[in-house]
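Read top to bottom, the protein sequences are chains A and B. Position one of the first sequence corresponds to residue 1 (this note's numbering), numbered consecutively onward. Position one of the second sequence corresponds to residue 1 (this note's numbering), numbered consecutively onward.
Fair warning: there could be bad hints in the mix.
Reference excerpt, derived from the structure (chain B facing chain A, CB under 10 Å, subset only) [to be verified]:
hint : residue
1    : Leu31
2    : Gly32
3    : Arg42
4    : Gln102
5    : Val105
6    : Thr108
7    : Tyr183
8    : Asp228
9    : Tyr229
10   : Gly310
11   : Arg311
12   : Thr361
No wet-lab data here; the hints were simulated from the structure. For each residue, glycine too, the CB sits at the ideal point set by N, CA and C.
Each chain, letter by letter, is given below.
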Amino acid sequence: MADLTTDFIGIKSPNPFWLASAPPTDKEYNVRRAFEAGWGGVVWKTLGEDGPPVVNVNGPRYGAIWGADRRLLGLNNIELITDRPLHVNLQEIKSVKQDYPDRAMIVSLMVPCVEEAWKAILPLVEETGADGVELNFGCPHGMSERGMGSAVGQVPEYIEMVTRWVKQNTRMPCIVKLTPNITDIRKPAAAAKAGGADAVSLINTINSITSVNLDLFAPEPTIDGKGAHGGYCGPAVKPIALNMVAEIARSADLRGLPISGIGGVTTWRDAAEYLAMGAGNVQVCTAAMTYGFKIVQEMISGLSDYLDSKGMHSPADLVGRAVPNTSDWQHLNLNYISKAKINQDLCISCGRCYAACEDTSHQAIAMSENRVFTVKDDECVACNLCINVCPVENCITMEQMAPGTTDPRTGKIVEADYGNWTTHPNNPNRVAAE
Amino acid sequence: MSANALTPGIAAGRLHSDDLHQNFADLHPPLGQHEAQVAADRCYFCHDAPCVTACPTAIDIPLFIRQIATGTPEAAAKTILSQNILGGMCARVCPTETLCEQACVRETAEGKPVVIGQLQRHATDTLQAKAGHPFSRAAPTGRRIAVVGAGPAGLACAHRLAMKGHDVVVFDARPKAGGLNEYGIASYKSTNDFAQAEVNWLLGIGGITLQHGQALGRDITLAGLQADYDAVFLGIGLGGVNALATEGEEKTGVLDAVDFIADLRQATDLAAVPIGRDVVVIGGGMTAIDAAVQAKLLGALNVTLVYRRGRARMNASPFEQDLAASKGVRIITNAIPVRVLGNGAVREIEFAYTDDTLTPTGDTFRLAADQVFKAIGQTLAGTGLPDIEKGKIATTGTGRTSMAGVWAGGDCAAGGDDLTVTAVAQGRDAAEDIHATLTAEG
Ligand SMILES: Cc1cc2nc3c(=O)[nH]c(=O)nc-3n(C[C@H](O)[C@H](O)[C@H](O)COP(=O)(O)OP(=O)(O)OC[C@H]3O[C@@H](n4cnc5c(N)ncnc54)[C@H](O)[C@@H]3O)c2cc1C
Ligand SMILES: Cc1cc2nc3c(=O)[nH]c(=O)nc-3n(C[C@H](O)[C@H](O)[C@H](O)COP(=O)(O)O)c2cc1C
Ligand code: SF4
């Protein structure tokens, strides 16, 4: 049995599953329940500076996108940081950490962009016995209008400056949480690194409007006839977050910067993918908000079984395994040729592959009078759209053509050697093949 | 009202009215909004979908299901009704397991088709709950067309003709319109007087006049209609029934299943409908199943359905057979009636076992019977009709008969399946042909 214990920037937790800073971690009651359910750690809901707490809207906070049977696919929120007094949160953090010393307790912070504000709050957090802090430079709504959250996260210079203040004023490890609402995620990550951050976590939520109410002509959620953009999270954002994690993990300049992966982690498999893409652990918000804390049990058993099946002993063995295989387009092998193949025993004759290929792609699927669908190898470009629209798993597969055979589409012999765009004769900027 | 299941002979009120109410409730209760959404999401939106081909009226099923899935059930209803104006009734009575749902690729994949019939009902019910009628008439053509028979064929024909701008008069011998929708379909398939509600909704198009109590051959003649109208459509169904030709058939208690069902359908109080304690139904089609099931639901103690051939040859689908079995109907196959016994009223009926060629094997058996329902097929009734082929009016593909200016469709016409949906298809197609013919004449 794999041991799921994780050491992330010196912070130990019994498993790599942390709850992200959000409503599930907003108070003692929730966090105790989370730890009882088995979560390895939490990032406490973002604290603000001392004084009257922020106030949230009293109308709806969420907008959602659903799939079949109302499966929640994407969630949008306009919630602010904690709206409970600072001292109450600190006292609760201390009490929970005392009772669960083996769990990771990270405190998320967001105070104004002046050093005094950070100097004031950091000792208070240290005093709770928390394991580290996470700087919330990501919240894309509300707080950003006040010059905090993503307003900081979108300016690398501010990130570097604030991170440095934090590192200078506390012994606690510091994670910088990044906003995805930028064009190149490597820039803010580099700024965090330059400021001395121990790790980055990403992503926070993505600017979003989930839907428009077509009777009120206002975005959802609608509050007294008006709506504002919110932050998007949940399964829908995973592909975007995963790419951003990969960008950092692959970057030569940022190599080795620890990453806490966040965004749409819903099952053990999502978590395993983040780890393989270079994250040292994962944080979860929407999945817990959708199904409750118990899901961590599936994540634990799933990851553990997977590691066992791969002969790996701990999550650390998995971290970064997919990074070397994450490449740029120009380095993909253009001599690798495959063709779609339809398994007639599995085919249920829905014809979706035909409609997709005939109407929108390469006219490479033939349909007979009696609804038998077959791939025309001389037209198939191996795009795999047919596979993606086929309702039957594994009914259509991509079959690699053996080197030496002739591709009926191009009439050319399939080459055994690797060859990419950089050396391709059609590339005006080609370089000579080595 | 002290009768119960054990009361001998034929008696009303064997069950409490609450039980009757429950027994005759909707066979498939309507889908709720969310259920419909989930069911609709299962549709793969097949290319050139096989379900469409399998529907005799060729409703664009993937399109209407997608319209439900995207929250526009009324648009879905229009898609359905533009092909099949009785889409509401068909959603309730079509043997979908042998039509659209049999062709569904999810039937192939998982043995669980998309519930097309129930989705169709969801859409049409939603639209028909609203006031108004979704179709409008073309400019008046000044043409008048006589339709004989207000069953599915006649109504579908009349509606399409009215839509094209023609004026239509529909003659029917019975006091209510709807044909077998009103007098034949099993009660639990069409609850809450749906047949009449649907007729009224259909007439909302305008331009259709209904003349009740007008029988062809008694009150009106084909020659008269031909003289007075620009075209005639015959949708008179099958008015006659086959006889058993068995000794003792005339004894009381031996009835035509269709009459029993019609009486049941017209009853205002099910507790007042008399039913035998021991009921025997003879036949193997939908009528036999419906009579047997409804006899059981009324509280008959023993209901036995006896069919002369093997199970596989029964016209009733496996779904219908299972339904009967689940209600407690016993099905005996390979047996033909040879004698009805009893002193004035039926007491017993004797059967002979047969082999697959209907040759008696020599073995016989008797069943106790207070009531015997004959459901061995209906026949075309009437004289002076166009040419007949295999007992029905001979027609071309679009319903033309041997008489100029006379079209026919539905059960009375040759070549159909004796289903509501085929009657609708034939009525509609005949209307299109009548319209094309009249327009070409100029
Ligand atoms: C008991 C029973 C159950 C059935 N269940 C189903 C089912 O579940 N699903 C299914 O798809 N099909 C079912 N069918 C078959 C279906 O009802 C018929 O195929 C369909 O009704 C045929 O429509 P039609 O318009 O041709 O005839 P009908 O519905 O028979 O209508 C004919 C109309 O013509 C009128 N008429 C007859 N003679 C004259 C005359 N001389 N002058 C004036 N008017 C006349 C009648 O009064 C009637 O209104 C069932 C049939 C029966 C008998
Ligand atoms: C209602 C809500 C409130 C959130 N509040 C915070 C917050 O206070 N601080 C923070 O750093 N992130 C906050 N987040 C972002 C989450 O921590 C997380 O980064 C994001 O939801 C993506 O992860 P997920 O797809 O697992 O939900 C919030 C998210 C939600 C849904
Ligand atoms: S989940 Fe529902 S009940 Fe609970 S606070 Fe939100 S709106 Fe209120």
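Hints and how they fare:
no.: 1; hint: Leu31; in the structure: violated, 14 Å
no.: 2; hint: Gly32; in the structure: violated, 13 Å
no.: 3; hint: Arg42; in the structure: holds, 8 Å
no.: 4; hint: Gln102; in the structure: violated, 13 Å
no.: 5; hint: Val105; in the structure: holds, 4 Å
no.: 6; hint: Thr108; in the structure: holds, 4 Å
no.: 7; hint: Tyr183; in the structure: violated, 40 Å
no.: 8; hint: Asp228; in the structure: violated, 48 Å
no.: 9; hint: Tyr229; in the structure: violated, 43 Å
no.: 10; hint: Gly310; in the structure: violated, 29 Å
no.: 11; hint: Arg311; in the structure: violated, 28 Å
no.: 12; hint: Thr361; in the structure: violated, 42 Å
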